[in-house]
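A.B. asks: Single-letter residue listing:
Number of protein chains: 2
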Amino acid sequence: MSYVYAFDHKHKRPPMQMKDLLGGKGANLAEMTSVLKLPVPPGFTISTDACRAYMKGGWPAGLDGEIAEQVKRLEKAMGRKLGDPKDPLLVSVRSGAKFSMPGMMDTVLNLGLNDQSVEGLAAVTGDERFAYDSYRRFISMYGRIVLGVDGEVFEHPLEEAKAKAGAKSDAELGAAALKKLCTQYKAAVKKATKKPFPQAPADQLRGAIEAVFRSWNGARAVAYRVREKISHDLGTAVNVQTMVFGNRDQNSGTGVGFTRNAATGDNKPYGDFLVNAQGEDVVAGIRNTEDLDHMKLHFPKIHDELLAIFDRLERHYTDMCDTEFTIEQGKLWMLQTRVGKRTGAAALKMAVDMTRKNGRKGAQWSITKAEAVMRVSADHLDGVLHPQFASKGKALAKGLAASPGAAVGQVYFTADDAVAAHNKGHKVVLVRSETSPEDIHGMQVSQGILTARGGLVSHAAVVARGWGIPAVVGAEAVRIAGKQFHVGDTVVKEGDFVSIDGTTGEIMLGELKLAAAEPPAEFHTILKWADQIRKGKLAVRANADTGEDAAKARELGAEGIGLCRTEHMFLAPDRLPVVREMILASTDEDEAKALAELGRVQQIDFEEILEAMDGLPVTVRLLDPPLHEFLPSVEELRIKKATKGLSKREKAELEAAEEWAEHNPMIGTRGVRLGVVKPGLYAMQVRALLRAAATLRKKGKNPIVEVMIPLTVTRDELALARSWVQAEVDTATKGMKNPPHITIGTMVETPRAAVCADEIAEEADFFSFGTNDLTQMTFGFSRDDVESRMMPAYLEQGLLKRNPFETIDKDGVGALVKMGATKGRSVKKHLKLGVCGEHGGDPESIELFYEAGLDYVSCSPFRVPIARLAAAQAVIGDAGSSTK
Amino acid sequence: MSYVYAFDHKHKRPPMQMKDLLGGKGANLAEMTSVLKLPVPPGFTISTDACRAYMKGGWPAGLDGEIAEQVKRLEKAMGRKLGDPKDPLLVSVRSGAKFSMPGMMDTVLNLGLNDQSVEGLAAVTGDERFAYDSYRRFISMYGRIVLGVDGEVFEHPLEEAKAKAGAKSDAELGAAALKKLCTQYKAAVKKATKKPFPQAPADQLRGAIEAVFRSWNGARAVAYRVREKISHDLGTAVNVQTMVFGNRDQNSGTGVGFTRNAATGDNKPYGDFLVNAQGEDVVAGIRNTEDLDHMKLHFPKIHDELLAIFDRLERHYTDMCDTEFTIEQGKLWMLQTRVGKRTGAAALKMAVDMTRKNGRKGAQWSITKAEAVMRVSADHLDGVLHPQFASKGKALAKGLAASPGAAVGQVYFTADDAVAAHNKGHKVVLVRSETSPEDIHGMQVSQGILTARGGLVSHAAVVARGWGIPAVVGAEAVRIAGKQFHVGDTVVKEGDFVSIDGTTGEIMLGELKLAAAEPPAEFHTILKWADQIRKGKLAVRANADTGEDAAKARELGAEGIGLCRTEHMFLAPDRLPVVREMILASTDEDEAKALAELGRVQQIDFEEILEAMDGLPVTVRLLDPPLHEFLPSVEELRIKKATKGLSKREKAELEAAEEWAEHNPMIGTRGVRLGVVKPGLYAMQVRALLRAAATLRKKGKNPIVEVMIPLTVTRDELALARSWVQAEVDTATKGMKNPPHITIGTMVETPRAAVCADEIAEEADFFSFGTNDLTQMTFGFSRDDVESRMMPAYLEQGLLKRNPFETIDKDGVGALVKMGATKGRSVKKHLKLGVCGEHGGDPESIELFYEAGLDYVSCSPFRVPIARLAAAQAVIGDAGSSTK
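Protein sequence lines correspond, in order, to chains Z and E. First residue of the first sequence: 1, per my numbering; consecutive thereafter. First residue of the second sequence: 1, per my numbering; consecutive thereafter.
Hints were generated in silico from the structure; no laboratory data involved. As the structure is a computational prediction, the values presented were derived from the model and not from experiment. Honestly, I wouldn't trust all of these hints.
Any copy, or any two copies together, can satisfy a pair, since identical chains are not distinguished.
The calculated DSSO-like cross-link candidates involving lysine-lysine, where the alpha carbons are at most 30 Å apart (straight line), are [stated by the list, open to error]: (1) K641 / K483; (2) K162 / K301; (3) K493 / K648; (4) K86 / K72; (5) K832 / K56; (6) K162 / K195; (7) K818 / K828.
Based on the sequences and whatever the hints tell you, model everything.
C.D. replies: The following block contains the structure:
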């Protein structure tokens, strides 16, 4: 077992591809050293293997030996020794996971200094002040980070020393003061840790390495991984690198540089630089940095050398890189590089730009359109699709990021108040415990929605995403009482301004400034390329329930409607009473009358949707939710009964509500089961749909209708439902010369439907995987109950790698989707397959759906661009893996 | 395609094995004719293939031709022709499905008679009265059964004729009167059907056959198949057989005979006989029948011949047969035979008896013990295990048969009233809408339990089965209002007597007489043999939560506890307040105090159970249900708040109840999720369990403990829960020389756990499939909601073949169980596998579990004997199929 690799180790593959083993930083250091032969201070990487071994069984056997060997090699190469009292070698120790991760131990500099070697450093540099400044920095850094000593014990003596010397900044302290500080620091460490500050460099090194390992499981690091969906199993690498000093003299300096502008994407190097400084000074922002043009004035030759390296890096990585570099007494050293982070706008611009000619004459390079598509992420698109805050405020509380984008408005606590405020010209953020269909009118007029309860598929979240309204849900710290809410001691009253960030889940007080959100031209270019790539392989549809949503979806590139939920049409204020008539009907006649009226209005809805999607397929799902959702609450009526008494109508409503009440409505009398219990219902819906299609055909349009049965569990159930639909189709098309082809299919959303997909396929023209419900039933997770209550704990403790309602659970739910697809196609080779859960808009899930052989994904209109991109990426990724 | 087979057709296999094709009656007629060469009136069978073809696409092409050919063959053999005006051939037409089925068309006799052939019959028999009596019987029978004419139109003229002739019975009517009746009957048919009575024998025959086919889908037949779990796809055969007449003269007669006594099992032929009569007279019970000893007086030779045939039949079928026979003018004809139905007691006695020497000297036969075990069914055992009604009353209403056995008592409507009545010495039937844990004390003292709502796994059903109390649940016709209930117009008041049959679901008014219920000695013999057969192959455990239940289970042959639910221990009136303390605790200290108190009482419960199961494994499931089940109802508290106001304690309870309330508790915060949310809970339970085991070990007992984690969905979740348990085990066994081996496993009850069983097995010593919840989640069927509301409709319409909560759904849930077993064992070859859902006591499900490789099934104590039998039958069935 080999745990440690020098930067110049001869790997079999390019080190930049070995981030799993070497971490991101280590891989790039090795790449720069062994492949690009850039001036990198020598060093070595302790691999993630070692970290994983450490997490499993403590400090790995043999690791000490390997480290000692590498240190010896380093010492030989540098001609100096760690801890040498005459001319000591100093090293830095940095963490380096596969993905850059805040919350982990960052850096210990100047390791190797002790009471003897500090003298040697002073002697060899001829600069006692520099030596003791380095030593006191090392003691405090090591004390804080490795030994866990409170930073204040170092602050206090420093302030004292400065006061005593009348110094404004640390830099004004002389050698003697710094020397004294070192003594004070060591005493402070001893007091806090009951042990003297470690003097042996080997002990220092092992301590620092172990601290990095430990920091992998620190609370902040864990929370970050949960948020960023990074596996807790990866572990981190540790990089040990020879120190170079940008703070030696005026002929030294340090900086960070980007090969292009990471904010705008402009093809112009960009950076921050300081003369006679260490890296932390640049980052800390204590001194005003200079840009690269200014650096040129001080170091014209090195500036050119740096720009040549930038050019080299871009050509090598075929991407924008960010770097850290140091000049030590006139010599340039590259301390690290990586493919740089960028804003959404920059990512799009760079991706498009890089498909053209890049780099210096004679060494030009470009990327393919497919590569360009791979360079853009869902977050990048979100960044240009939705408004964002120009700058961030301090978060008052945090909930689930339910619908992306930034919103600013005055808080109102009821839908009616929200509408009233909106009508007065106010910008509204609607704040509710949870929303229900009765809040729709208030939600519609809001800039943003905030709820204290509910998960990512709660009513508020689903509706907000559907309409592209930013939303934060399940913010449990928000306690609502009447027309105000409080978070801890902070009270927010009706009319107060808040700013919510639906991309991060943060809630801020006051009015934050918004940045503009008009997608740049490159947005359309990239999506055009994505569409070319995925054409004929994976289509993208939208979930839309109204003509307006359908039109929006089409504008955003949807190639059809994958899910038109007919229940939303039942909840409009003018329809709900009719729905209740239907449920309360005591005679067949009354029921038929109510059904006919519902059919009439539903036909109008269908016409609007089919018209908006003219020539594209529209999948209409027949009524799905349990009937009690259309009735008033049993509890409210019972309370009213116990207090004010009930009217005759209310008594009837209570009786019906009690009759239809369910213990577990999610798995109760809904979907096709309703069709069995109320046979006229589905027939009415199909009639309305067919009439709408006929009306449009008369207008010369081309409506394409697919009828979908929800919640099927057996073949015979689907056969029965199919027969109702077919009977209506037969009646409607009787005698037609070219009757329209109406396909009839089913949701696959129960585990049984997936397991028995072969028998169910016999009766289906298509399947649409309803991965929301499939996830609920496969896990036994009622999303309304578990998502805000349990999910955070489950993710933090690593019991789940991902929230399975956001990204499909590959091994469980994903396996069932694949089983359903395979079994379905085993019976009908060309069975059309799609997905219409929330996962239809999630890039990782889309990859799995493509793998499973699905024909299309369907998601909310505002996710369509992301799905188009992700679908193309899935196609490219798959092509890549098949040619390997 | 061949649709029709003569009784003497040479089949490749013994016809008695071909019931799928020929139906039960046809197969046995063919067996008697072609194999046993018994005197059977010739005829032919129209196969079930023809019926299935008819159901699919109407009258099958080619069937008419095949029938005509067979008729010709019959006519040739008999030397007479159908409809011959001189000497007509007459036939009977009977349905004959694979399983005997009431509700289907039974029999049309004398077919072939018409206005001409009746004269021929009169001439050739020299008996005009006989001829016209046969004709009028045929017209009315055919009219009613085939043509659907109301029976009254025939009754009326008959009564008139009798009145006119001053006759008391039909037999006193003369030829002229009968002739006139024929004319009246034909007119009545014409009036009702607008067509003359069919005269052409071919038309008559086709009409009768088609009527049999149609009757397969008659409402009663469908309902019967649902109840008896017979597939709707089988179809029925039709038997056409030459008529013989037991009513020709005093030298003729007819009877039914059993080769042994079907009620007691005594090895003595038994039967009913009538001289000069047709079969329907015996069955109708109009005349007093004679037994076989009396028959011997009239027909000594034929009696001996019949007994010899009985002997032949028993030897051939190696079982008790029932028969119908007719003597026509001194000649014995066998009309049908089949393996006879029997009571539970008879089944047991016969099975045991038949393993000894049977039959006449020189032709003795016996069956093996394995065959004897196969002869006994679950219903047979139920019949001797639970009290039954001696005779049946008219059912007032019908619910679901939730817990078998008959009960008689006075109705009471609250648990408290039930207890009070019981204390006064009354026998009680507790009637509730639904029961809840708060009704336990009333249920305990009841003879029987009746609920208006809830399904087969409702609280009432599960508790009643656990205690062996007869119960009928979900009787939706029962409307409870205060201290009375009504069904339609019938009102039943507190204190009124009712009789309920938990085996059939029937509710009768008044006190029905109970038959004794002490299992006969053969019960124990058969189960002993069953145990020998299944030993080492499929063990049987019980689900029991108390020492008392555990002792009962052991007495009934349980080999351990497969499921000890710890929540029942929390619901006792003295514990519930402590549980609430735990939930309401505002400080860690209060919570710890409540947990300690719970641990103390739970330890006592565990001691009792472990003691009862000394030396046998006891699987203890840690707390499973959502916490709100231990709190008062939110709604009740809110109503109280709106009316009377709440106390401080009640306010706290309301807050907690609201906090823990769930939209879908079945798939909410329960099982191991609770453990994650309240980490101290599981540790406390394990501590109590380990202490109980230690106490028993000190007493020299041998407790065997298995700890089970409920509702696992991921490996990491199980690993975490396992670590809590292991920590307690380590603490408890620290320093022991021979520490007891405590195994730790999990329920597999979510679809995900089954699909991902390989990863979960890594952390499990055993799996127990929780098929109740697995069924709920796989179908998305909340049993509380769908079982009484939807299930009946689904079963009747054939959307489900079986209630999947009674018999495991082979293709869906069963496939997941098999997947879970296979995947689990792919990781751990010797992973112990069991099942503890309700299905653990269902014979058909047990067969699947054995096939899946499970080590044991676990069921309620009173199902243990049935499970032992079914397990042995599964083993035998499997051995049979593997040697085929």
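A.B. asks: All hints are to be evaluated individually against the structure, with a verdict given for each.
C.D. replies: Against the structure, the hints come out as follows:
1. Proximity of K641 and K483 under a CA criterion of 30 Å is satisfied in both settings, with 27 Å inside one chain copy and 21 Å between copies.
2. Within a single copy, K162 and K301 get their C-alpha atoms no closer than 38 Å, and across copies no closer than 133 Å, so neither meets the 30 Å cut-off.
3. Proximity of K493 and K648 under a CA criterion of 30 Å is satisfied inter-copy only: 28 Å between copies versus 39 Å inside one chain copy.
4. Only within a single protomer do K86 and K72 lie at most 30 Å apart by alpha-carbon distance; the minimum there is 17 Å, versus 124 Å between protomers.
5. In this homomeric assembly, K832 and K56 come within 30 Å of each other (Cα to Cα) only across copies, at 28 Å, whereas the closest approach inside a single copy is 47 Å.
6. In this assembly of identical chains, the alpha carbons of K162 and K195 lie at most 30 Å apart only when taken from the same copy (28 Å versus 122 Å across copies).
7. Taking the closest pair of Cα atoms, K818 and K828 come within 30 Å of each other both inside a single copy (15 Å) and across two copies (25 Å).
Hint check: a violation occurs at hint 2 only; the rest are consistent with the structure.
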